[in-house]
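**Student:** Just so you know, the protein sequences line up as chains A and B, in that order. Position 51 of the first sequence, counted from 1, bears residue number 51 in the working numbering, the numbering being contiguous throughout. Position 212 of the second sequence, counted from 1, bears residue number 266 in the working numbering, the numbering being contiguous throughout.
These are calculated hints, taken from the structure and not from any lab test. The model shown is predicted, which means the values in this text are computed figures rather than measured ones. Just to be clear, a hint being listed does not mean it is correct.
As the list claims (entries may be wrong) - To spell it out: a stretch of chain A is covered by chain B in this simulated footprint if at least three of its residues, at any positions, have a beta carbon under 8 Å from a beta carbon of chain B; those stretches are:
#1 20 to 26
#2 33 to 41
As the list claims (entries may be wrong) - Quick list of the computed label-pair ranges, beta carbon to beta carbon:
#3 B:Met147 to A:Gly12: 49 to 55 Å
#4 A:Ile23 to B:Gly88: 21 to 27 Å
#5 B:Pro178 to A:Val26: 19 to 25 Å
#6 B:Lys301 to A:Leu37: 19 to 25 Å
#7 A:Ala47 to B:Ile195: 40 to 46 Å
We treat Cβ as the ideally placed atom computed from N, Cα and C, and that holds for glycine.
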Amino acid sequence: MNSFAEFLAMGGYGFYVWTAYGIALVVLLLNVVLPLLQRKQLLRELALKQKREK
Amino acid sequence: MSIIPAPIVRFYHRTASPPHFYSLANKLLPWLVGIFILLAGAGLYGGLYLAPTDYQQGDSYRIIYIHVPAAWMSLFIYVIMAVMGAISLIWRMKIADVVLISSAPIGASFTFIALVTGSLWGKPMWGTWWVWDARLTSELILLFLYLGVISLYGAIEDKRTASRAVAILALVGVVNIPIIHYSVQWWNTLHQGPTVAKMDKPSIHIDMLIPLLLMATAFKFYYAIAMLQVAKVEILKREQNMQWVKKLVETKA
Numbered sequence: 001m002n003s004f005a006e007f008l009a010m011g012g013y014g015f016y017v018w019t020a021y022g023i024a025l026v027v028l029l030l031n032v033v034l035p036l037l038q039r040k041q042l043l044r045e046l047a048l049k050q051k052r053e054k
Numbered sequence: 055m056s057i058i059p060a061p062i063v064r065f066y067h068r069t070a071s072p073p074h075f076y077s078l079a080n081k082l083l084p085w086l087v088g089i090f091i092l093l094a095g096a097g098l099y100g101g102l103y104l105a106p107t108d109y110q111q112g113d114s115y116r117i118i119y120i121h122v123p124a125a126w127m128s129l130f131i132y133v134i135m136a137v138m139g140a141i142s143l144i145w146r147m148k149i150a151d152v153v154l155i156s157s158a159p160i161g162a163s164f165t166f167i168a169l170v171t172g173s174l175w176g177k178p179m180w181g182t183w184w185v186w187d188a189r190l191t192s193e194l195i196l197l198f199l200y201l202g203v204i205s206l207y208g209a210i211e212d213k214r215t216a217s218r219a220v221a222i223l224a225l226v227g228v229v230n231i232p233i234i235h236y237s238v239q240w241w242n243t244l245h246q247g248p249t250v251a252k253m254d255k256p257s258i259h260i261d262m263l264i265p266l267l268l269m270a271t272a273f274k275f276y277y278a279i280a281m282l283q284v285a286k287v288e289i290l291k292r293e294q295n296m297q298w299v300k301k302l303v304e305t306k307a
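With the sequences and hints as input, model every part of the structure.
**Tutor:** Given below as structure tokens:
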């Protein structure tokens with residue numbers, strides 16, 4: 001592998017290789033980001049509920 | 055219980071209590087993330103750059119560094135879920151329920167990744183995106199088992215009943231795991247046989263094998279990270295009326 005363009009081309013299989021890596025990356029990122037957002041949302045809701053009860 | 059020494063029983067109950075598990079998760083997460091980044095970085099560099107081109111498959115084989123570790127994880131996580139199901143049914147351990155249900159979306163994701171990357175590898179190598187062979191079909195059934203666990207849990211209002219239901223489903227579904235593993239030997243089909251997990255020497259070049267094992271280990275750490283993130287939300291939901299969660303909410307607000 002000499003150049004970056006050659007690296008991206010993956011010997012002609014670039015489309016298959018990078019699509020596979022891209023899909024895996026997106027799915028794995030979602031699995032970490034979604035629960036983080038859910039926890040923030042839940043903590044906000046619980047804080048509101050506690051304020052009302054006081 | 056009397057045959058088990060008292061300190062072990064104490065340790066078991068402490069670790070298994072939701073607030074303890076929650077703070078343990080918080081302590082572990084930065085370490086898990088750090089180790090994951092190192093392993094995945096080294097694995098990707100080795101797999102995409104250092105490893106030689108395959109003499110038959112060209113560079114298309116590099117999909118292996120996602121495909122095979124993801125497929126291994128899809129089986130590994132299901133076995134963990136079945137074990138957690140058994141623990142939950144026998145000892146009624148709350149944390150086992152939490153780990154079981156928190157693992158399901160990650161297991162489903164790895165199964166999906168294994169199927170999609172396999173398809174993207176199959177198209178240039180086999181000339182088709184999909185065949186109804188034993189390996190692919192049993193892996194697709196695994197995806198449905200994961201989705202079944204998720205939707206069954208969501209469908210039952212009372213979370214204690216829901217936990218028992220998914221524990222039983224996880225245990226019943228575990229028969230699919232050896233079928234997936236041995237499918238390439240029992241039915242001779244398009245999917246290639248094992249190249250790493252063989253009794254004699256693995257039939258894969260060492261420069262290709264090392265990144266593969268690095269990625270497989272990285273995915274184990276990823277699973278721990280993602281599962282703990284989901285588990286934290288699940289614990290907060292279940293324990294929201296407990297004193298420790300109320301205190302936590304106050305300090306965060």
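**Student:** It remains to establish, for every hint, whether it holds in the given structure.
**Tutor:** Hint check:
1. Only residues whose C-beta sits within less than 8 Å of a C-beta in chain B count toward coverage, and the segment 20 to 26 of chain A has 4 of them, enough to reach three; the restraint holds.
2. Under the rule that three or more residues need a Cβ within less than 8 Å of chain B, the assignment of the segment 33 to 41 of chain A holds, with 4 such residues.
3. Range check, B:Met147 to A:Gly12: Cβ separation about 53 Å, and the 49 to 55 Å hint holds.
4. Range check, A:Ile23 to B:Gly88: about 25 Å between beta-carbon atoms, so the 21 to 27 Å window is met.
5. The hinted window of 19 to 25 Å between B:Pro178 and A:Val26 holds, with their beta carbons roughly 21 Å apart.
6. Restraint check, B:Lys301 to A:Leu37: a C-beta distance of roughly 23 Å satisfies the suggested window 19 to 25 Å.
7. Separated by about 43 Å at the C-beta atoms, A:Ala47 and B:Ile195 satisfy the suggested range of 40 to 46 Å.
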